[in-house]
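Protein chains in written order, with my numbering: chain A, 1 to 114; chain B, 1 to 113.
Treat the hints as calculated values from the structure; they're not laboratory data.
Where is the CB? At the ideal position from N, CA and C, for every residue including glycine.
One or more hints might be untrue.
[What the hints assert, rightly or not] With a straight-line cut-off of 27 Å between C-alpha atoms, the simulated BS3-like cross-links for lysine-lysine are:
# : chain 1 : residue 1 : chain 2 : residue 2
1 : A       : K16       : A       : K113
2 : A       : K38       : B       : K57
3 : A       : K3        : A       : K38
4 : A       : K38       : B       : K9
5 : A       : K113      : A       : K70
6 : B       : K9        : B       : K57
7 : A       : K70       : A       : K3
8 : A       : K3        : B       : K57
9 : A       : K16       : A       : K38
[What the hints assert, rightly or not] FRET-style restraints, in silico, Cβ to Cβ:
#  : chain 1 : residue 1 : chain 2 : residue 2 : range
10 : A       : E56       : B       : L113      : 47 to 57 Å
11 : A       : E17       : B       : T20       : 43 to 53 Å
12 : B       : T5        : A       : V85       : 19 to 29 Å
13 : A       : T9        : B       : R109      : 21 to 31 Å
14 : A       : P41       : B       : D40       : 17 to 27 Å
15 : B       : R18       : A       : E15       : 45 to 55 Å
16 : A       : T72       : B       : L113      : 44 to 54 Å
17 : A       : S42       : B       : P95       : 23 to 33 Å
18 : A       : V84       : B       : S80       : 40 to 50 Å
19 : B       : E82       : A       : V14       : 37 to 47 Å
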Amino acid sequence: AQKVTQAQTEISVVEKEDVTLDCVYETRDTTYYLFWYKQPPSGELVFLIRRNSFDEQNEISGRYSWNFQKSTSSFNFTITASQVVDSAVYFCALSEAYNNDMRFGAGTRLTVKP
Amino acid sequence: DSGVTQTPKHLITATGQRVTLRCSPRSGDLSVYWYQQSLDQGLQFLIQYYNGEERAKGNILERFSAQQFPDLHSELNLSSLELGDSALYFCASSPSGSYNEQFFGPGTRLTVL
Numbered sequence: 001a002q003k004v005t006q007a008q009t010e011i012s013v014v015e016k017e018d019v020t021l022d023c024v025y026e027t028r029d030t031t032y033y034l035f036w037y038k039q040p041p042s043g044e045l046v047f048l049i050r051r052n053s054f055d056e057q058n059e060i061s062g063r064y065s066w067n068f069q070k071s072t073s074s075f076n077f078t079i080t081a082s083q084v085v086d087s088a089v090y091f092c093a094l095s096e097a098y099n100n101d102m103r104f105g106a107g108t109r110l111t112v113k114p
Numbered sequence: 001d002s003g004v005t006q007t008p009k010h011l012i013t014a015t016g017q018r019v020t021l022r023c024s025p026r027s028g029d030l031s032v033y034w035y036q037q038s039l040d041q042g043l044q045f046l047i048q049y050y051n052g053e054e055r056a057k058g059n060i061l062e063r064f065s066a067q068q069f070p071d072l073h074s075e076l077n078l079s080s081l082e083l084g085d086s087a088l089y090f091c092a093s094s095p096s097g098s099y100n101e102q103f104f105g106p107g108t109r110l111t112v113l
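Turn these sequences into a full structure, and let the hints steer you where they fit.
What follows is the structure, given as structure tokens:
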């Protein structure tokens, strides 16, 4: 069965520090999709990125970057030069191609202090 | 704003009662998903509907049911409520399957007293 592990429960950094949020997944499927979502204090879940299992290219979007490594079943998320507005809970999620059950990790609470 | 709307925003009720949560998906999206977020269980997938038909079931209790109507809005019915049902209930939508990114509504916070 699919599983997502976010081992870091809470991370606290000072503004402008770089921070990496870890995500390790388990699946038996060869076709699957990985996602990151952000949940700010206001509570809504905001989609950040989607990756399919055939695309191992790293992605950069502004201060955000993602490192997908099939060899270690990891899909890590790095925020460069963190800002207070980055404070949120970040969820990694996995969806298998033929299973409509999207599985979320437990989330990592990131606090960025000024 | 994701384009997904949920009503009501907050709901306070008593044990044993029944409530209905409503969700309108983004324009053009055929799939609707329901999730429950609680402190002890995290974010759990409950059920998915696609174009009016149930597509997938997750950890949904028998006391809970859902449906998707012809106009694609969806309702989640929670009955015989227990204290442990207090949680944030999210609806999400996507164009088709869960391999698409899902866009989440603002959630309904249910408090069972």
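Now the hints, each set against the structure:
1. K16(A) / K113(A): holds, 9 Å
2. K38(A) / K57(B): Cα-Cα ~24 Å, so holds.
3. K3(A) / K38(A): holds, 19 Å
4. K38(A) / K9(B): Judged against 27 Å, a Cα distance of about 20 Å means the pair holds.
5. K113(A) / K70(A): violated, 33 Å
6. K9(B) / K57(B): holds, 24 Å
7. K70(A) / K3(A): holds, 15 Å
8. K3(A) / K57(B): holds, 17 Å
9. K16(A) / K38(A): holds, 19 Å
10. E56(A) / L113(B): 47 to 57 Å: Given about 50 Å between the Cβ atoms, the range holds.
11. E17(A) / T20(B): 43 to 53 Å: holds, 45 Å
12. T5(B) / V85(A): 19 to 29 Å: Distance hint for T5(B), V85(A) holds at roughly 25 Å.
13. T9(A) / R109(B): 21 to 31 Å: This hint holds: roughly 23 Å between Cβ atoms.
14. P41(A) / D40(B): 17 to 27 Å: holds, 20 Å
15. R18(B) / E15(A): 45 to 55 Å: Since R18(B) and E15(A) have Cβ atoms about 47 Å apart, the given range 45 to 55 Å holds.
16. T72(A) / L113(B): 44 to 54 Å: holds, 46 Å
17. S42(A) / P95(B): 23 to 33 Å: holds, 25 Å
18. V84(A) / S80(B): 40 to 50 Å: holds, 43 Å
19. E82(B) / V14(A): 37 to 47 Å: holds, 43 Å
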